[in-house]
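Asker: Construct the complete structure from the given sequences, taking the supplied hints into account.
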Amino acid sequence: MTKRVLASVDGSDAAAKALDFAIDYAGHYDGVLHLLYVAPDGAPPKALMQFAEAEHIPDKPSAVYRAIGDSILDNAASRAREAGVETLTTKLDFGDAAERIIDYAGKHGIDVIVLGTRGLGELKGLLLGSVSMKVQSLAPCTCVCVR
Numbered sequence: 001m002t003k004r005v006l007a008s009v010d011g012s013d014a015a016a017k018a019l020d021f022a023i024d025y026a027g028h029y030d031g032v033l034h035l036l037y038v039a040p041d042g043a044p045p046k047a048l049m050q051f052a053e054a055e056h057i058p059d060k061p062s063a064v065y066r067a068i069g070d071s072i073l074d075n076a077a078s079r080a081r082e083a084g085v086e087t088l089t090t091k092l093d094f095g096d097a098a099e100r101i102i103d104y105a106g107k108h109g110i111d112v113i114v115l116g117t118r119g120l121g122e123l124k125g126l127l128l129g130s131v132s133m134k135v136q137s138l139a140p141c142t143c144v145c146v147r
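Note that the sequence shown covers residues 1 to 147 in my numbering.
Treat the hints as calculated values from the structure; they're not laboratory data. The reader is advised that the hints may include incorrect statements.
[To be verified] Here are the computed lysine-lysine pairs in the DSS-like style, where the Cα-Cα straight-line distance is at most 30 Å:
no., residue 1, residue 2
1, K134, K91
2, K134, K107
3, K91, K3
4, K17, K3
5, K107, K3
6, K3, K134
7, K17, K134
8, K107, K17
9, K17, K91
10, K107, K91
Answerer: Written out as structure tokens, the structure reads:
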């Protein structure tokens with residue numbers, strides 16, 4: 001039974017663990033792996049813009065985030081291919097991460113969303129919620145949060 005598996009990647013250790021899980025899951029079910037990176041809409045921090053300037057990346061927030069996202073997606077896709085995943089797609093999007101993940105899952109008939117999660121020890125996490133909590137609550141399919 002072929003499964004459509006969506007892994008949200010952001011370059012963090014938590015996302016790397018989620019990617020490993022998604023790769024294994026897709027392999028077990030002869031699945032199609034979808035990799036999604038969601039960049040924020042706002043302007044990057046000053047330090048990131050300075051880095052972009054040093055790297056000759058155009059001075060537009062979207063270009064900076066696109067360069068970062070492309071690198072993260074390329075690395076994730078390489079790891080998946082090295083692990084034997086034959087069918088995968090990558091997508092870079094902009095906006096609220098949880099909303100973009102949920103939207104992508106609905107539009108592409110995703111069977112399982114795999115996310116990394118961070119502990120909610122901070123008051124900020126409790127008050128504002130987190131991407132993984134929002135996706136779990138609103139996802140149109142099964143959602144696996146990997147610690």
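Asker: Each hint needs a verdict: does it hold in this structure or not?
Answerer: Verification of the hints:
1. As the CA atoms of K134 and K91 are separated by approximately 20 Å, the hinted pair is consistent with the 30 Å bound.
2. About 18 Å separates the Cα atoms of K134 and K107, which keeps this hinted pair within 30 Å; it holds.
3. Between K91 and K3 the alpha-carbon distance is near 18 Å, which keeps this suggested pair within the 30 Å criterion.
4. As the CA atoms of K17 and K3 are separated by approximately 19 Å, the hinted pair is consistent with the 30 Å bound.
5. For the given pair, K107 sits about 15 Å from K3 by alpha-carbon distance, which is consistent with the 30 Å threshold.
6. Taking the CA atoms of K3 and K134, the gap is about 23 Å. The hint holds against a cut of 30 Å.
7. About 19 Å separates the Cα atoms of K17 and K134, which keeps this hinted pair within 30 Å; it holds.
8. The straight-line distance between the Cα atoms of K107 and K17 is roughly 25 Å, inside the 30 Å bound, and the hint therefore holds.
9. Restraint check: the Cα-Cα separation between K17 and K91 comes to about 19 Å, which is no more than 30 Å; the hinted pair holds.
10. At roughly 13 Å between alpha-carbon atoms, K107 and K91 fall within 30 Å of each other, so this suggested pair holds.
Comparing the model with each numbered hint stated earlier shows that all of them hold.
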